[in-house]
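*Asks:* Take the sequence shown: its letter number 33 is residue 37 in this note's numbering, and every next letter is one higher.
Among the hints, erroneous ones may be present.
[As the list claims (entries may be wrong)] Simulated restraints on C-beta separations:
#1 I40 / E108: 21 to 27 Å
#2 G165 / A105: 16 to 22 Å
#3 G165 / P23: 23 to 29 Å
#4 E34 / C134: 33 to 39 Å
#5 V33 / D201: 40 to 46 Å
#6 G36 / E178: 20 to 26 Å
In short, the hints are calculated from the structure, not lab data. Just so it is clear, the structure is predicted and the values come from calculations on it, not from any experiment. By construction, the Cβ of each residue, glycine as well, lies at the ideal position given by its N, Cα and C atoms.
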Amino acid sequence: TADLVAAFSWYESTLGPYPFGGRVGAVEVEWGPGAIGGMEHHPYWHVSTSAMADGSVQIHEAAHGWFGDGVRLRCWEDFVLSEGTVSYLTARATGQIVGAAEEEDLWEDYDRELDLAISRGDVIAWPDSCGEVDILESGLFSRIPYMKGAFFYRAVADEVGAGFLDGVLASFFEAYAGQAAGMQDMLDLIRAQTGFDPSALADGWLRSLGRPDR
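Generate the whole structure from the sequences, applying the supplied hints.
*Replies:* See below:
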């Protein structure tokens with residue numbers, strides 16, 4: 005948690021005020037053998053004992069105060085709006101508060117994780133429906149939406165600039181905080197605020213199997 009306060013401050017200054025009160029923190033939980041990661045129960049998110057010392061997990065779960073909890077999902081099909089956005093923000097915040105080298109290391113980890121997830125069973129990260137998918141039985145509850153979503157946002161940032169994308173994410177949070185939203189709302193706002201149409205990137209990263217950069 006060494007960088008958690010700085011990350012939280014960056015989220016607030018970049019995305020807007022935290023919506024769940026003035027006290028926050030990670031709660032260590034014992035989920036049993038093999039369990040790892042966290043769960044975004046804001047303002048006291050849960051982190052497995054095995055991941056409690058993983059700074060990227062802490063920064064990831066903190067970001068859910070804005071996306072996933074602060075802005076809820078309209079449908080399970082919009083899972084990428086929560087986990088893809090937060091995975092991108094984890095890397096972005098790491099670069100801003102820890103360093104560029106650490107951010108690049110995290111993207112390399114994401115790259116390997118995405119390849120592994122695809123090899124284990126690829127799925128469409130953003131299904132073209134709403135309320136029709138069982139997130140568990142469909143395989144959507146996997147690392148695919150996390151990683152493909154992160155790389156989608158990185159590709160958008162390459163087109164419009166990471167700073168401009170920060171502004172879009174802040175505007176999105178301001179518009180939808182305390183409400184439910186979908187991934188299409190995000191694409192529409194990116195286009196409206198930057199003039200760049202992200203549809204082709206969404207088709208490649210979120211609506212297709214495989215990965216468009218290979």
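*Asks:* State for each hint whether it applies.
*Replies:* Quick rundown of the hints versus the structure:
{"no.": "1", "hint": "I40 / E108: 21 to 27 Å", "result": "holds (23 Å)"}
{"no.": "2", "hint": "G165 / A105: 16 to 22 Å", "result": "holds (21 Å)"}
{"no.": "3", "hint": "G165 / P23: 23 to 29 Å", "result": "holds (27 Å)"}
{"no.": "4", "hint": "E34 / C134: 33 to 39 Å", "result": "holds (36 Å)"}
{"no.": "5", "hint": "V33 / D201: 40 to 46 Å", "result": "holds (43 Å)"}
{"no.": "6", "hint": "G36 / E178: 20 to 26 Å", "result": "violated (40 Å)"}
Going through the hint list in order, the structure does not satisfy hint 6, though it satisfies all others.
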